[in-house]
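Q: Top to bottom, those sequences are chains A and B. The first sequence maps to residues 1 to 679 in this note's numbering. The second sequence maps to residues 1 to 679 in this note's numbering.
Just so you know, these hints were derived from the structure itself, not from any lab. Hints are supplied without guarantee of correctness; some may be wrong.
One copy or any two copies: either way a pair holds, since identical chains are not told apart in the list.
Keeping only pairs whose Cα atoms sit at most 25 Å apart, straight-line, the calculated SDA-like set for lysine to any residue is [said to hold, decoys possible]: (1) Lys193 to Ser171; (2) Lys182 to Gly267; (3) Lys186 to Ala159; (4) Lys654 to Ala638; (5) Lys377 to Glu145; (6) Lys377 to Ala124; (7) Lys14 to Arg29; (8) Lys193 to Ile166; (9) Lys182 to Ala324; (10) Lys59 to Val276; (11) Lys193 to Glu165; (12) Lys193 to Glu140; (13) Lys193 to Ala339; (14) Lys182 to Gly315; (15) Lys193 to Pro164; (16) Lys59 to Val20; (17) Lys193 to Ile163; (18) Lys186 to Pro325; (19) Lys82 to Glu634; (20) Lys186 to Val319; (21) Lys186 to Ala324; (22) Lys182 to Gln323; (23) Lys193 to Thr168; (24) Lys182 to Met263; (25) Lys59 to Gln110; (26) Lys186 to Trp206.
Protein chains: 2
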Amino acid sequence: MTQDPLVIFTPSGKRGRFAVGTPVLTAARQLGVDLDSVCGGRGICSKCQITPSYGDFPKHGVHVAETALSEWNAVEQRYDDKRGLPAGRRLGCQATVQGDVVIDVPPESQVHRQVVRKAASVRAIAMDPATRLYYVEVEEPDMHEPTGDLERLKRALAAQWDIPEISTDFSTLSGLQPILRKGGWKITVALHKTDIDAPPRLIAAWPGLHEAGIYGLAIDLGSTTIAAHLTDLDTGAVVASSGIMNPQIRFGEDLMSRVSYAMMNPGGAAEMTRVVREALDRLTTEIAAEAKVDPALILETVFVCNPVMHHLLLGIDPVELGQAPFALATSDALNLSAADLGLRVQRASARVYILPCIAGHVGADAAAVALSEQPGKAEELTLIVDVGTNAEILLGDTTRTLACSSPTGPAFEGAQISSGQRAAPGAIEALRIDPETKEPRFRVIGCDLWSDEPGFAEATATTGVTGICGSGIIEAVAEMRAAGLLDPSGLIGSAAQAGTDRCVPEGRTHAYLIHDGGAEGGPRITVTQGDIRAIQLAKSALYAGARLLMDERGVDRVARVVLAGAFGAHISPKHAMILGMIPDVPLDRVTSAGNAAGTGARIALCNLAARREIERTVREITKVETAIEPRFQEHFVAANAIPHATDPFPELSKEVTLPQVSFNTGGGEDGGRRRRRRG
Amino acid sequence: MTQDPLVIFTPSGKRGRFAVGTPVLTAARQLGVDLDSVCGGRGICSKCQITPSYGDFPKHGVHVAETALSEWNAVEQRYDDKRGLPAGRRLGCQATVQGDVVIDVPPESQVHRQVVRKAASVRAIAMDPATRLYYVEVEEPDMHEPTGDLERLKRALAAQWDIPEISTDFSTLSGLQPILRKGGWKITVALHKTDIDAPPRLIAAWPGLHEAGIYGLAIDLGSTTIAAHLTDLDTGAVVASSGIMNPQIRFGEDLMSRVSYAMMNPGGAAEMTRVVREALDRLTTEIAAEAKVDPALILETVFVCNPVMHHLLLGIDPVELGQAPFALATSDALNLSAADLGLRVQRASARVYILPCIAGHVGADAAAVALSEQPGKAEELTLIVDVGTNAEILLGDTTRTLACSSPTGPAFEGAQISSGQRAAPGAIEALRIDPETKEPRFRVIGCDLWSDEPGFAEATATTGVTGICGSGIIEAVAEMRAAGLLDPSGLIGSAAQAGTDRCVPEGRTHAYLIHDGGAEGGPRITVTQGDIRAIQLAKSALYAGARLLMDERGVDRVARVVLAGAFGAHISPKHAMILGMIPDVPLDRVTSAGNAAGTGARIALCNLAARREIERTVREITKVETAIEPRFQEHFVAANAIPHATDPFPELSKEVTLPQVSFNTGGGEDGGRRRRRRG
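All chains should be built: construct the whole structure from the sequences, respecting the hints.
A: Okay, here's the thing in structure tokens:
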């Protein structure tokens with residue numbers, strides 16, 4: 001008696017013996033090999049493409065004959081004629097096992113394929129989408145055995161896909177009958193799993209085999225901007241990215257002013273909810289149009305956001321977040337429908353997942369950073385700061401992760417800065433000051449030339465030099481300190497003290513003139529004493545938050561610093577450290593993670609298990625509340641100096657020697673006593 | 001060592017020994033005794049009232065001393081001062097066991113108490129509501145251990161009520177924070193169980209102990225009228241009943257004309273959905289106002305309705321129900337929210353349960369009749385007919401139940417009858433014809449006198465005699481047949497043939513004059529040949545449906561007939577049988593079940609297990625489709641004669657001898673060939 005043929009799948013290495021005539025798809029399923037199929041083996045979806053290999057495979061101990069698989073059949077021929085099957089490929093549901101064979105499952109035929117991120121820190125996202133398509137053939141109604149169309153669809157899913165039970169979104173039910181009839185009782189349904197164990201939910205259906213794909217949105221709903229990535233839920237590819245200003249800005253630039261608006265104005269919270277939902281609808285419409293995707297194909301949206309945005313999105317008055325003990329209405333992850341949130345562009349049954357909040361001031365955005373950057377898996381103690389209007393700070397290694405948020409305010413984003421502006425063409429994004437001549441040179445967004453290079457004026461003629469954006473102001477302040485224009489207390493020297501006429505009087509203080517566009521009709525760009533104070537407040541808050549976590553952890557130093565946030569990607573580590581924004585570490589241990597919150601949203605969108613993972617992680621994170629912690633105030637005051645009043649910065653000293661100057665003449669100056677606000 | 005005291009509960013008879021000091025509520029819970037509590041034993045809800053008995057109980061073998069329970073305590077005193085505790089009662093959570101004791105749990109302290117129906121056939125509904133109240137005390141938020149308010153509420157439910165998991169209606173979440181604070185972290189929540197095993201759903205919350213009760217609506221959504229019973233979900237008592245016309249009537253009197261309207265008019269189905277939902281909102285507002293109940297306390301609604309109404313309520317185009325194979329979009333029971341159905345008077349989170357449909361023409365109303373009348377538990381073969389615009393017919397005993405529907409049309413309700421009118425004051429509801437004189441006498445709604453009794457004219461002066469309602473026309477036709485004014489084929493005799501001038505010519509046929517209101521300015525009320533034909537069509541359809549089920553069951557006779565439907569209550573069994581509406585049985589075996597569909601809705605509203613029971617029953621019912629069954633046509637034609645062309649009516653013959661007359665002179669008459677319509 002001869003043995004059944006041996007079937008070996010690569011790359012998994014899974015192997016087993018199967019009777020002659022077994023379809024490759026059947027063998028794959030029985031072995032638990034990850035081979036996709038939407039049509040359930042009917043030869044129409046082509047998702048189960050495989051590549052057989054022939055010849056000797058000493059590693060596997062087999063010889064694969066040319067006759068190892070059945071001959072190319074009519075179904076494969078029809079598919080090839082219609083759409084073209086790549087050379088060497090077969091349809092796994094049509095090709096049957098005839099002899100020992102080695103079969104490669106190409107990445108695009110794997111459900112759980114990996115998506116490589118384009119960002120600097122290359123990390124793969126494993127596809128494990130919560131929503132999947134299933135093609136089924138449904139029995140026609142029989143008046144002698146009357147059952148509902150839905151009940152027969154359920155029976156088909158049980159028989160053809162081994163899905164014994166589903167729940168049905170009510171809005172999907174009303175469209176089911178015409179779809180079944182249009183498809184001649186053949187139908188593709190989208191089933192969404194909220195949880196691995198729960199019965200999946202029927203959220204969409206199309207006649208026949210649905211080939212136009214399904215999509216998801218990963219949305220980072222920030223106080224200032226709303227950023228969205230439209231993602232193919234099959235491949236994980238981002239097919240369009242788009243951003244929009246958060247229209248709630250008109251109710252208050254920072255979070256606490258929005259909370260105040262809600263407290264002071266009856267119906268104010270509802271109004272902010274309305275405008276942000278409308279903006280989301282607009283953004284969805286735009287991004288779908290850009291990608292030429294029907295918005296009805298967007299079946300999932302994942303949101304990451306801070307707690308105030310979270311509550312306003314949900315239609316919950318954020319008043320409790322404005323006062324101790326900063327109680328969230330709910331902190332767990334939420335599974336909702338687009339209809340629940342009043343989103344009108346997606347279909348009502350489209351699903352929404354909102355990551356869990358960590359604490360009253362540490363939101364789902366911080367959870368998304370934790371999901372993306374995985375501080376709990378770091379071998380060395382890693383500090384992750386997501387710099388925005390509010391900074392989310394995580395400190396962790398494999399033993400434990402801590403989190404807090406800190407109210408840095410919008411200064412790092414160029415707001416509340418006299419010449420500040422959002423990052424846009426014409427904005428100064430990098431700046432150097434010659435320590436000898438005290439002369440500045442700079443680069444603006446939209447031009448790669450420095451301002452002292454030939455051709456700069458011509459190259460920037462259209463945009464002009466319009467202001468300073470967030471990374472520009474950090475470099476400007478740090479360079480001023482390094483060039484001796486600014487003393488450690490943050491005072492700008494006079495022309496006489498600093499040795500340059502660019503230090504000009506402004507009231508009882510001084511400002512440093514970077515660029516005078518007067519001749520060309522452009523603005524006069526200076527860094528004022530007020531700007532320095534705003535930056536000092538912001539950076540002190542950031543540093544104090546980091547220090548508070550280090551106290552909780554009982555350490556004085558961290559091994560690595562990761563700068564996250566769209567803005568974090570543009571911060572120069574050296575300048576951030578001269579400023580004392582972040583704790584002292586070797587400069588090469590400061591890295592950027594790009595938009596980690598957005599990446600976390602994308603991971604949660606593409607991977608159901610990642611949702612469970614971050615829900616678990618968030619429960620285990622040690623939450624530290626900065627708002628009422630006396631040590632936070634102490635750290636905050638000590639961090640006001642540049643880089644710091646008391647903490648040594650030995651690593652920074654190896655790279656840079658900061659001049660020991662003092663411009664304090666006892667004269668009046670506001671002294672940085674402005675009220676800090678969360679935001 | 002002495003034994004722990006023995007505690008015996010009545011009426012359950014459950015008994016057990018408990019340590020001295022055990023609260024009675026605790027003992028009851030441990031024994032599984034049905035003793036209510038909303039506050040969880042905190043002495044504030046008073047639901048756990050019990051009555052201890054003292055003295056000798058030879059039956060139980062105990063002597064109960066006066067000291068068997070702890071002394072009346074301060075909590076009981078406070079409650080008694082505030083609200084009054086009935087004499088002899090104690091609070092089960094406060095009174096503790098001190099010695100052997102016999103404790104009676106009065107019906108109002110039982111969760112699963114029985115509600116006695118007021119209807120003729122007294123049957124109890126056991127309370128087992130899907131929605132129950134739970135009082136909990138929630139931990140206050142702690143910013144050092146940040147968790148959402150919802151998560152702390154969940155923790156309290158787990159700790160205080162042993163409910164490990166709940167789901168949360170999204171619309172309830174947004175109001176939770178102010179409720180928790182208003183109640184000082186004490187809160188009553190309503191949890192709804194869709195299924196016995198599923199985690200309950202948080203659908204409402206109130207600060208502190210909620211004492212205003214919760215309510216449910218049982219709604220019989222008929223083609224012509226919508227009837228609602230507002231029910232206390234704690235006691236099961238109907239606190240108000242109200243009805244309203246179905247505004248869809250303007251799109252078509254019967255079901256098939258509504259389906260046609262949907263087919264012929266784009267948006268027609270949506271329009272019919274809109275108007276019925278608006279009517280439901282109006283009805284809910286009215287019934288709540290009548291009972292002085294806040295509509296926000298109506299947490300559940302149960303609907304029973306025919307398949308076309310079912311689809312239109314759900315917003316599903318009923319087009320498929322208008323043509324073979326009459327496929328329902330869904331046949332299973334549905335669990336929805338008020339928001340799903342666009343109902344705006346209840347809170348969005350209020351739950352809706354719709355009973356399962358049996359088949360394309362046999363709806364949730366028939367299922368409700370099956371739930372109420374339980375044909376599957378009948379010892380003798382029982383035929384249940386729910387007479388309305390469409391008749392639902394069930395035939396069953398303990399071996400098997402069969403069901404069909406039959407398109408009787410609205411004639412039985414007085415519609416399509418020349419002098420027909422809805423049952424209202426002034427309508428003739430009963431009629432007798434003297435077989436000798438052929439003179440009629442009648443009774444109208446609103447007056448107990450017969451028309452030949454003294455004082456009738458005065459008593460009906462206000463209402464007048466305005467027309468004939470459904471039960472009146474049945475009696476009129478049957479009496480005409482019994483008095484020899486009508487031959488078995490349904491022809492009305494001429495004055496000469498019938499021997500009375502009341503038989504007046506009308507075109508080529510004759511009419512029987514019942515009442516000439518001309519002198520008083522009232523209408524002239526006759527039974528025309530056309531009326532006879534309409535009643536023949538209706539009764540033939542009903543009889544044919546019943547016969548079809550009997551064929552399926554292989555029987556020629558049934559043992560009992562139950563007339564259900566609001567109208568069924570008013571039909572005289574003898575007249576129904578003279579007419580041949582129902583199969584021949586001894587007259588005393590014909591009973592009325594009142595509004596069985598409405599009762600079924602009330603049972604489902606009050607009892608979660610009953611929902612599971614009817615879902616199971618419906619799956620087991622044998623469905624018979626009348627619309628395409630050739631034997632139905634045969635039965636229909638044979639049933640056109642009064643009482644029947646071929647079937648003998650031996651039981652009827654024992655009571656009544658019908659004159660053998662024939663008025664057919666070969667002249668033209670429309671011959672009953674009018675098209676039957678479902679409805």
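Q: Of the hints stated earlier, which fail here?
A: 10, 12, 19
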